[in-house]
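Q: Top to bottom, those sequences are chains A and B.
Using UniProt numbering, read the first sequence as starting at 1 and increasing by one per residue.
Using UniProt numbering, read the second sequence as starting at 1 and increasing by one per residue.
Derived by calculation from the structure, the hints in this document are not laboratory data.
Since the model is a prediction, treat every value here as computed from it, not as a measurement.
Ideal placement from N, C-alpha and C gives every residue a C-beta, glycine not left out.
Please note: incorrect hints may appear among the correct ones.
As the list claims (entries may be wrong) - Taking CB as the label site, the calculated pair distances span:
#	chain 1	residue 1	chain 2	residue 2	range
1	A	33	B	62	33 to 43 angstroms
2	B	186	A	148	56 to 66 angstroms
3	B	4	A	89	50 to 60 angstroms
4	A	85	B	219	21 to 31 angstroms
5	B	90	A	19	47 to 57 angstroms
6	A	219	B	116	28 to 38 angstroms
7	B	183	A	17	23 to 33 angstroms
8	A	98	B	118	55 to 65 angstroms
9	A	4	B	241	55 to 65 angstroms
10	B	68	A	219	19 to 29 angstroms
11	B	217	A	148	46 to 56 angstroms
12	B	187	A	216	18 to 28 angstroms
13	A	47	B	186	28 to 38 angstroms
Number of protein chains: 2
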Amino acid sequence: MVNQDPFTQKKKHILDSIASTNEGTLDSSPKGSIDKACIPIIDLINSFDNMVTTSSCSGRVSVFVEGRKETDNDKIKIGAKGNEGKWLFVTHEPENLNNWFKKFQLKDQEKLGLSDVAADTRYVLYKFEPLILHVKCKDLDTAKQLYAISMACGFRESGIGSNNNVAIRCSIRLDAPIAIYNGDSDAFYKLVSTEYLKLLCKISEDRFTENFHKLSILYDSISKATFAAQPEHKETKEERRERKMKEGLLKQQLLKSESSS
Amino acid sequence: MVNQDPFTQKKKHILDSIASTNEGTLDSSPKGSIDKACIPIIDLINSFDNMVTTSSCSGRVSVFVEGRKETDNDKIKIGAKGNEGKWLFVTHEPENLNNWFKKFQLKDQEKLGLSDVAADTRYVLYKFEPLILHVKCKDLDTAKQLYAISMACGFRESGIGSNNNVAIRCSIRLDAPIAIYNGDSDAFYKLVSTEYLKLLCKISEDRFTENFHKLSILYDSISKATFAAQPEHKETKEERRERKMKEGLLKQQLLKSESSS
Numbered sequence: 001m002v003n004q005d006p007f008t009q010k011k012k013h014i015l016d017s018i019a020s021t022n023e024g025t026l027d028s029s030p031k032g033s034i035d036k037a038c039i040p041i042i043d044l045i046n047s048f049d050n051m052v053t054t055s056s057c058s059g060r061v062s063v064f065v066e067g068r069k070e071t072d073n074d075k076i077k078i079g080a081k082g083n084e085g086k087w088l089f090v091t092h093e094p095e096n097l098n099n100w101f102k103k104f105q106l107k108d109q110e111k112l113g114l115s116d117v118a119a120d121t122r123y124v125l126y127k128f129e130p131l132i133l134h135v136k137c138k139d140l141d142t143a144k145q146l147y148a149i150s151m152a153c154g155f156r157e158s159g160i161g162s163n164n165n166v167a168i169r170c171s172i173r174l175d176a177p178i179a180i181y182n183g184d185s186d187a188f189y190k191l192v193s194t195e196y197l198k199l200l201c202k203i204s205e206d207r208f209t210e211n212f213h214k215l216s217i218l219y220d221s222i223s224k225a226t227f228a229a230q231p232e233h234k235e236t237k238e239e240r241r242e243r244k245m246k247e248g249l250l251k252q253q254l255l256k257s258e259s260s261s
Numbered sequence: 001m002v003n004q005d006p007f008t009q010k011k012k013h014i015l016d017s018i019a020s021t022n023e024g025t026l027d028s029s030p031k032g033s034i035d036k037a038c039i040p041i042i043d044l045i046n047s048f049d050n051m052v053t054t055s056s057c058s059g060r061v062s063v064f065v066e067g068r069k070e071t072d073n074d075k076i077k078i079g080a081k082g083n084e085g086k087w088l089f090v091t092h093e094p095e096n097l098n099n100w101f102k103k104f105q106l107k108d109q110e111k112l113g114l115s116d117v118a119a120d121t122r123y124v125l126y127k128f129e130p131l132i133l134h135v136k137c138k139d140l141d142t143a144k145q146l147y148a149i150s151m152a153c154g155f156r157e158s159g160i161g162s163n164n165n166v167a168i169r170c171s172i173r174l175d176a177p178i179a180i181y182n183g184d185s186d187a188f189y190k191l192v193s194t195e196y197l198k199l200l201c202k203i204s205e206d207r208f209t210e211n212f213h214k215l216s217i218l219y220d221s222i223s224k225a226t227f228a229a230q231p232e233h234k235e236t237k238e239e240r241r242e243r244k245m246k247e248g249l250l251k252q253q254l255l256k257s258e259s260s261s
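Isolated chain A, as found in the complex (with noise of 0.2 angstroms):
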């Protein structure tokens, strides 16, 4: 290949390096592998010459114990997934959702409330996150494109951030603390009844639905859409055939505004 622009260099590493650990899906995520409703919408997006995707979930449900909290001039910050946090749960797969609480030890102790609990307590949380995709562009209007496409599709918390990277966002969530971890064990003490887990195995199922049926509709849309370069496309016959008609129509045309001038 000859001079290939910047861009066009990084998107074709960017697309190696994922190929050569990750037959047939193409993204750079540290993961390793694609989720796998993801796929689709990456292969379109990284159809298209003037952008490739860096990063992506596909939405997850995930159940974590917070890390230990660090005091900050005083002040505890809240837990995060680092500083020893621990999953213990994690799907991209509503049909994985069922029972899953029933892999670990979630006891239960009478009336634990208020007293119980400190500064530095640590909670075990129950998060739904939505889809998320990160798309490098070559340049600033075809950012502004994907933006303006992924605000349009209900994905309201998108953004272009530096380097013309586009971030395509959404809301729908969960984030519920469910038990209580005292650190010097593997037992988890639940703050919630079995019933209120189950509950929300069910409403993340909504949440999946909900995401994905978004997820579609980004898809068409990005599809739909005209971006500076075009995607490269494999012509039907059909296809082929109109576009001779075309050419034919074009070249009479040419012909007569040649002949009469």
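Position chain B against the provided structure of chain A, taking the given hints into account.
A: The following block gives chain B in isolation, referenced to the frame of chain A:
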């Protein structure tokens, strides 16, 4: 004033329309008044010639009944605040959190669970949402700089939108279903214990603390930044002395270069 550029005209218009309804605070929020905790950063941002805040929320706890769910292509869309959604409680101040739930009829129902809900069941949701600021910038360079500062201060969901509007966002959240609304009366059936509701309040206080801590870091970073146009700023005696010295030096150099040419 003569020959104002379009941005400065727009900024003046925004600030004027606010000042008339909302003395002493500067913002175009539809709410009509600005959250107290936002006023210092809004005033700071608006002191820069090339930025104007267009909406803000300092962070809040809200409790609301989802609106009626709609079917869309046989899929039920999850509930949002529209479509007959009802606010039960909103506060931007942690000191108002105590016992908010005592103001409502939150009924206990033994073993409320999966069998009591359908796809169109409306939930009462408890949410913590962090600071959000929208800032219209005069040009892309200013927007990029404000975006970079926000990201560096931990507002990792920030982004540049259309017309150089920067959204400053982070991910300090809570989003938990706490009751079911049966639609035919004003009764809400609790999914969690009263102790759990108290714990949510306690955890929300921690979220507020973290949120305001982040806000103060952002304030400091913006106040130290040099944007393309400088903030209006009253010169101190010392600064005046320094400026006069520099001007004197420049004059000398100018005279020197003129005499030597």
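Q: Hint by hint, where does the structure go against what was stated? Just the numbers, ascending.
A: Violated hints (numbers, rising): 2, 7, 8, 11, 12 and 13; every other hint is consistent with the structure.
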